[in-house]
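Chemist: What follows is the residue order along each chain.
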Amino acid sequence: MVTILIMKKDSYLIADYMQSNVTRVSPETTVKEVTEIMLKRKTNGVVVIDSMDAVVGILSSWDIIKHIVPDYLEQDKHLAPFEAAHVFADRIKEVANDPVSKFMTKDVHTAKKDDSLMKAITLLSEFHIRQLPIVDNDNKLIGYINRTDVKRAAGDVLRLNYSD
Amino acid sequence: MPLFFYSTIAVFVLTYAIIISEKFHRTVVALAGAILMILLGIISQEQAIEGIDFNTLGLLIGMMIVVGIARQSGMFQAVALYLAQKAKGRPIPIFILLGLTVAIFSALLDNVTTVLLMVPVTFVIANNLKISPYPFLISAILMSNVGGMATLIGDPPNIMIGSAANLTFNDFLINLAPISIIIMVVTMGGLYLWYKRELVTTKEAQAAIMKFNPKDALTDMPLLRHSLIVLAIVLLGFIMHGSTGLEGATIALGGAALLLLLSLHDPHDHLREIEWTTIFFFIGLFVLVTGLEHSGAIRMLAEQLLVATAGSPTAMTLTILWGSAILSAIVDNIPFVATMIPLIHDIGSLSGIALAPLWWALAIGADIGGNATLIGASANVVVGGMAEKEGTKIGFFSYMKVALPMTLVALIISSVYMWVRYL
Numbered sequence: 000m001v002t003i004l005i006m007k008k009d010s011y012l013i014a015d016y017m018q019s020n021v022t023r024v025s026p027e028t029t030v031k032e033v034t035e036i037m038l039k040r041k042t043n044g045v046v047v048i049d050s051m052d053a054v055v056g057i058l059s060s061w062d063i064i065k066h067i068v069p070d071y072l073e074q075d076k077h078l079a080p081f082e083a084a085h086v087f088a089d090r091i092k093e094v095a096n097d098p099v100s101k102f103m104t105k106d107v108h109t110a111k112k113d114d115s116l117m118k119a120i121t122l123l124s125e126f127h128i129r130q131l132p133i134v135d136n137d138n139k140l141i142g143y144i145n146r147t148d149v150k151r152a153a154g155d156v157l158r159l160n161y162s163d
Numbered sequence: 000m001p002l003f004f005y006s007t008i009a010v011f012v013l014t015y016a017i018i019i020s021e022k023f024h025r026t027v028v029a030l031a032g033a034i035l036m037i038l039l040g041i042i043s044q045e046q047a048i049e050g051i052d053f054n055t056l057g058l059l060i061g062m063m064i065v066v067g068i069a070r071q072s073g074m075f076q077a078v079a080l081y082l083a084q085k086a087k088g089r090p091i092p093i094f095i096l097l098g099l100t101v102a103i104f105s106a107l108l109d110n111v112t113t114v115l116l117m118v119p120v121t122f123v124i125a126n127n128l129k130i131s132p133y134p135f136l137i138s139a140i141l142m143s144n145v146g147g148m149a150t151l152i153g154d155p156p157n158i159m160i161g162s163a164a165n166l167t168f169n170d171f172l173i174n175l176a177p178i179s180i181i182i183m184v185v186t187m188g189g190l191y192l193w194y195k196r197e198l199v200t201t202k203e204a205q206a207a208i209m210k211f212n213p214k215d216a217l218t219d220m221p222l223l224r225h226s227l228i229v230l231a232i233v234l235l236g237f238i239m240h241g242s243t244g245l246e247g248a249t250i251a252l253g254g255a256a257l258l259l260l261l262s263l264h265d266p267h268d269h270l271r272e273i274e275w276t277t278i279f280f281f282i283g284l285f286v287l288v289t290g291l292e293h294s295g296a297i298r299m300l301a302e303q304l305l306v307a308t309a310g311s312p313t314a315m316t317l318t319i320l321w322g323s324a325i326l327s328a329i330v331d332n333i334p335f336v337a338t339m340i341p342l343i344h345d346i347g348s349l350s351g352i353a354l355a356p357l358w359w360a361l362a363i364g365a366d367i368g369g370n371a372t373l374i375g376a377s378a379n380v381v382v383g384g385m386a387e388k389e390g391t392k393i394g395f396f397s398y399m400k401v402a403l404p405m406t407l408v409a410l411i412i413s414s415v416y417m418w419v420r421y422l
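Heads up: the protein sequence lines correspond to chains Z and U, in order. At position 96 of the first sequence the residue is numbered 95 (numbering that gives the first Met the number 0), and the sequence of numbers has no breaks. At position 6 of the second sequence the residue is numbered 5 (numbering that gives the first Met the number 0), and the sequence of numbers has no breaks.
Simulated from the structure, these hints should not be mistaken for lab results. For glycine and all other residues, C-beta sits at the position ideal for the given N, C-alpha and C. Careful, some of the hints might be misleading.
Chain Z regions said to be covered by chain U (calculated; three or more residues, Cβ under 8 Å) [as the list claims (entries may be wrong)]: (1) 61-73; (2) 76-83.
Capping the alpha-carbon separation at 20 Å, the derived lysine to aspartate or glutamate pairs in EDC-like fashion look like this [stated by the list, open to error]: (3) K388(U) - D62(Z); (4) K214(U) - D106(Z); (5) K129(U) - E82(Z); (6) K202(U) - E82(Z); (7) K65(Z) - E82(Z); (8) K112(Z) - D9(Z); (9) K388(U) - D70(Z); (10) K388(U) - E73(Z); (11) K85(U) - E82(Z); (12) K92(Z) - E389(U); (13) K210(U) - E82(Z); (14) K76(Z) - D215(U); (15) K92(Z) - E387(U); (16) K129(U) - D70(Z); (17) K76(Z) - E389(U); (18) K101(Z) - E387(U); (19) K388(U) - D89(Z); (20) K388(U) - E82(Z); (21) K39(Z) - D62(Z); (22) K65(Z) - D106(Z); (23) K388(U) - D97(Z); (24) K388(U) - E93(Z); (25) K65(Z) - D219(U); (26) K392(U) - E93(Z); (27) K129(U) - D97(Z); (28) K392(U) - D89(Z); (29) K76(Z) - D219(U); (30) K392(U) - D70(Z); (31) K65(Z) - E387(U); (32) K101(Z) - E389(U).
Throw the hints in and build the complete structure from the sequences for me.
Modeler: Written as structure tokens, this is what we have:
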């Protein structure tokens, strides 16, 4: 019987798909430093941890963009076409030394590595987030899971063969 | 009964003190104080509800909805950008035109809405001119309060006064617009002299302004048409309401209903955008003041004031003008005016003095007095906050250095105006 030959995996856990190589920074890291880190490591997201390795925030390129755009332009969508061109560079220089703690997302949702992938994607979907830091029982950061990891798991469920 | 009297005064004074201290949100404090008036048996719930001026609330809510929708068309921003271009990118004409625009918008919209619309445009224009936005921000504060004085709908204190004293839109226009325009011109002149040396730019910066296409700010043409139609109807409704007998709330809420119908937007978002915290602040204040009225404290104050001014209408008018200005510079003018309204009614019933000049003195004092300090009016606080976020901090004293002399001059002119016209 064919069905017996196919090993049916029925519980998909975070541990099987998470990445342990997480880019981490401290809350004091500046905009300039974190931009350099993101460029070097070709990533759009870093996890912010305190001296005890506990997750205190998450920072995406998105957060940096929002921090650069002045509030008065965010409030009034009609004005963007009129803003002076030099404001882009001015604003970046202005915020270059701001610590990430000032504008990172502080309300971070985390999961444990033994949690199910279903829990992980529910969190991603409910809070419209792109990545989920994974912590151990002492709340220390041990990895993270992002949308690509979820796609890999979905690919496994659907038995897709996508490697070149 | 003294215990009843003193407990009422205690609730009232304590509530106002906490509001002024800004330790808690003013709306929460006002509502808590209002409920306390009922729980302590000072007034019944029926009396409390009777004390709430639903005409004022309806007018505020209606205008908030209309303006909230209309601003999404970009029309107000487009006007400012268009004027910058008409001024050929020269900073001094832009400075003057923007100041006058703030004043005119502020006469038709409430002051906070006006500065929320105009300050972002100001930043963009100043950035293009490569000059500091500081003079423009100071001008926005001063001119919004001066312009707001001109009409019934320009400033919440005017709405309250108009509603309580049955004064029409045209009454305000005839009595307050002339003095508002005089003060506008004088204030603009003063600001020009004060800041003209800072208002210098380069040819390239001027060219950047000339490249503007103000129509790009108009993001929704059908909405623009609908908004203009409804704003025109609302304005006409106000100009005619002396003869039609329609009250402010009917006109403003009618406009809101019409614009919601025309734009067919989901009302959910627009109704959520109403500043409910402000509306509930008013509700709390109306109930608090009703409690104070019932205790007889306001009548006592009115008697004291009549004794102090020896019953002279001239002394009374000038006392109210200057007293309102000084107090409004220190405390929010909305709770102040809410308390003054029954006081002036009592002065009328006690002495038979003609009340009209007193209402105008109250409106001028409360609106102009708010200019003196950075915390004198809501618009000032809002501009201060926006400026600080963008790294152009307006200091409390550096603001006063410019604003206090301007306010004093405005009050002296107003005193002369009152004297010549009414006394």
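Chemist: With reference to the structure, classify each hint as holding or not holding.
Modeler: Evaluation of the provided hints:
no., hint, verdict
1, 61-73, "holds (count 4)"
2, 76-83, "holds (count 7)"
3, K388(U) - D62(Z), "holds, 17 Å"
4, K214(U) - D106(Z), "violated, 40 Å"
5, K129(U) - E82(Z), "holds, 11 Å"
6, K202(U) - E82(Z), "holds, 17 Å"
7, K65(Z) - E82(Z), "holds, 16 Å"
8, K112(Z) - D9(Z), "holds, 17 Å"
9, K388(U) - D70(Z), "holds, 8 Å"
10, K388(U) - E73(Z), "holds, 13 Å"
11, K85(U) - E82(Z), "holds, 18 Å"
12, K92(Z) - E389(U), "holds, 13 Å"
13, K210(U) - E82(Z), "holds, 11 Å"
14, K76(Z) - D215(U), "holds, 11 Å"
15, K92(Z) - E387(U), "holds, 17 Å"
16, K129(U) - D70(Z), "holds, 19 Å"
17, K76(Z) - E389(U), "holds, 17 Å"
18, K101(Z) - E387(U), "holds, 16 Å"
19, K388(U) - D89(Z), "holds, 15 Å"
20, K388(U) - E82(Z), "holds, 17 Å"
21, K39(Z) - D62(Z), "holds, 18 Å"
22, K65(Z) - D106(Z), "holds, 16 Å"
23, K388(U) - D97(Z), "holds, 14 Å"
24, K388(U) - E93(Z), "holds, 12 Å"
25, K65(Z) - D219(U), "violated, 25 Å"
26, K392(U) - E93(Z), "holds, 15 Å"
27, K129(U) - D97(Z), "violated, 24 Å"
28, K392(U) - D89(Z), "holds, 17 Å"
29, K76(Z) - D219(U), "holds, 12 Å"
30, K392(U) - D70(Z), "holds, 15 Å"
31, K65(Z) - E387(U), "holds, 18 Å"
32, K101(Z) - E389(U), "holds, 15 Å"
Checked against the numbered hints above, the structure violates hints 4, 25, 27; every other hint is satisfied.
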